[in-house]
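Engineer: Letter by letter, the chains look like this.
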Amino acid sequence: MTTTFAPLPTTASRSAAVASTTTESIVFAPTPQQAYLVRIGDTCLIHAQRLAEWSGHAPILEEDIALTNLALDLVGQARALLTHVGAQTGFDEDQLAFLRNERDFRNFTLAELPGRKAGRDFADAIVRNFLIAAWMNVLWEKLESSSDAEIAAIAGKAVKESRYHVAHAADWVVRLGDGTDESTRRTRQAVARLWPYAAELFETDAVDTAAAESGLGPLRVALQAGWQAIVEPVFAEAGLAIPAASAFRSTGSKGVHSEHMGYLLAEMQTLQRSFPGGVW
Amino acid sequence: MTASKTDIANAQAQAHEWPLWEVFVRPKAGLDHKHCGSLHAADSKMALQLAREVYTRRQEGISVWVVRSDQIVASDPADKAMLFDPMEDKVYRHPTFYELPPEVGHM
Amino acid sequence: MYTQAMDTAPKEERAAIRNADEVVAEQAFEAALDNEGFIEAKDWMPDHYRKTLVRQISQHAHSEIVGMLPEGNWITRAPTLKRKAILLAKVQDEAGHGLYLYAAGETLGTSRDQMLDALHTGKAKYSSIFNYPTLTWADVGVVGWLVDGAAIMNQIPLCRCSYAPYARAMVRVCREESFHQRQGYDALLTMMQKGTPAQRAMVQDATNRWWWPSLMMFGPPDDQSPNTAQSMRWGIKRITNDELRQKFVNAAVEQARILGVTLPDPDLKWNEARGEHDFGAIDWSEFWQVVNGDGPCNKERLAERVDAWNDGEWVREAALAHARKTAARAQKQAA
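Protein chains in written order, with my numbering: chain A, 687 to 966; chain B, 73 to 179; chain C, 470 to 804.
Keep in mind that the hints were calculated from the coordinates and are not lab data.
It is possible that part of the hints are untrue.
Keeping only pairs whose Cα atoms sit at most 30 Å apart, straight-line, the calculated DSSO-like set for lysine-lysine is [to be verified]:
#1 A:K940 - A:K846
#2 C:K768 - A:K803
#3 C:K520 - C:K592
#4 A:K843 - C:K768
#5 C:K592 - B:K106
#6 B:K117 - C:K794
#7 A:K843 - A:K828
#8 B:K117 - A:K940
#9 C:K794 - C:K520
Residues from chain A that keep clear of chain B, each with C-beta distances beyond 12 Å, as calculated [claimed, not checked]:
#10 T708
#11 E739
#12 T775
#13 G776
#14 W881
#15 A922
Built from N, CA and C at the ideal position, the CB exists for glycine as well.
Produce the entire structure from the sequences given, and follow the hints as far as they go.
Structural biologist: Right, here's the structure in full:
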């Protein structure tokens, strides 16, 4: 028995139908310096997006408020950076956040990894916070002397916020690492799962060298010693071993993300995509 | 006074509960710390951090004190009359009690 | 509003006065109420007053934290970075309000854990409005406009509640609350005035679904609220359900007109003689259905709160364990 299907729409008719109901992606072609800033801004934004999943679900009300403050700081930092890059490229912060293709996002993969909604626990959130906050802290300190005056100004404000983020995360890493047997077990699992993604934070590529050469900001590898100086004592106090280095390298900073990024962006971008011409 | 069953149950429950802390915030340089509420925290470092998150989000303060609630010693309201009424008739302690001639100016 | 189910709670008998000290203390209590004075945490108070306040304050606190969920639902999907930040801050404020209120409740001899346990086991209620779903982004704006608007009307009189710790918590809450209504209304105004037809349709749809539940927030009609007289005397309710509801309608009609949305009530019309807006009959069967646990989201909301609490148990234990270890080490060093 054969079933008759209606003819498939042709490319022309399909494009016409689609164009009126979704917003297409912008064409984003940053210079290496712009890409350098976008890496930082995107990492802040995507990390904030995962942190925001904890709103209303933290282990205790006080901590709910604290985590949301972290998310708000990060959204603020993302907005400052994306607005700055946007001004140079003819886009606003929202076009960059909501209308870029996945391949044009340059956050570290560490930030996009599944969070609370996918069943990850508070130890995962805390260890991730700590590794990223320590990196941001060392970076912001160096960016205070950026050749880009606007970036230096943004860094001046952000470094104060990031000091607090490091302190908050470090205290929790110690509490959980050196708390109960269960918390120790969960923290070690989180470290084992997340540590391989930290290597990406210290790679070098053409974007880094361009930024370093122009004085915009440091090579990622220049942040490593400072980062270790923050992370290692806290891990020691928490009774956590530093995992051995592996050959694994995540590549989000190059725009090639994990399988999780597609879902994250689908959720984050849905309204702008489905309401073409919308004003919010 | 022997502990009642409820007291024991409460103590046991409290063993699992983060202690309660009272929070005092100094809103501006030169002013006193003012009590603004309480929160639960596991230790004093956390209490200080959380006080900052909960009670100074709108730039309400420049200095924060936290005290464990069970460390606060308070006067008994039943003793209000005994402790505070005698202050009422010693109005000579208040500057407004004294009427100075206007020529003295501000004092 | 936070006492929606209290009107049907079993009536509690006043304990018999036992001795002369209590008689004196009770006279002081009544005199304080007569003179619009305040009752503080350590003052003598009738048992029934204490129990009623614990119930009202804790249900108010539960409403705040459950209220984080319908709006929190949209944080990851907020359509601009500014709206994302605003919504994060608003939901955070609600956590803060819950916290201030739990703190006020704790001054009455109960603990945060006990209050939460009552919520989790279904013994305590929260405002029924939060059992409705936020299906679109416009719902977030309408919740700010109507639900926070209703809450503000209810909360301002509570700033003069006789129980001072509750009154002080309410002062703090009210200071932060007007931002909540404004951000919602602003989001709607933007969509209605500058948005697309699809956005305007979304706003009208959200209004259609939230209007009647918002009216129900104020609780049953006065002639079905037997505890009102007692609550008025104690200063924990200063304006009746119907009076507040009428005030709310009067304000909302004008706000709706400015927005350009139609309120879904064909009987809504200005009554010149009364100087107020007449409005249609509320379907109280829907209200009772929701209050009794069979609304659209009751089970989900409670499950989320219970899960968050249970999932966080190991974290709270770890923090305590670490604090004890640290204290023990410090003692050992000092020795």
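Engineer: Are the hints correct? Go through all of them and say.
Structural biologist: Against the structure, the hints come out as follows:
no. : hint            : result
1   : A:K940 - A:K846 : 28 Å, holds
2   : C:K768 - A:K803 : 19 Å, holds
3   : C:K520 - C:K592 : 14 Å, holds
4   : A:K843 - C:K768 : 44 Å, violated
5   : C:K592 - B:K106 : 36 Å, violated
6   : B:K117 - C:K794 : 15 Å, holds
7   : A:K843 - A:K828 : 13 Å, holds
8   : B:K117 - A:K940 : 40 Å, violated
9   : C:K794 - C:K520 : 38 Å, violated
10  : T708            : 38 Å, holds
11  : E739            : 18 Å, holds
12  : T775            : 34 Å, holds
13  : G776            : 35 Å, holds
14  : W881            : 26 Å, holds
15  : A922            : 18 Å, holds
In summary, the structure is inconsistent with hints 4, 5, 8 and 9 from the numbered list given earlier, while agreeing with the others.
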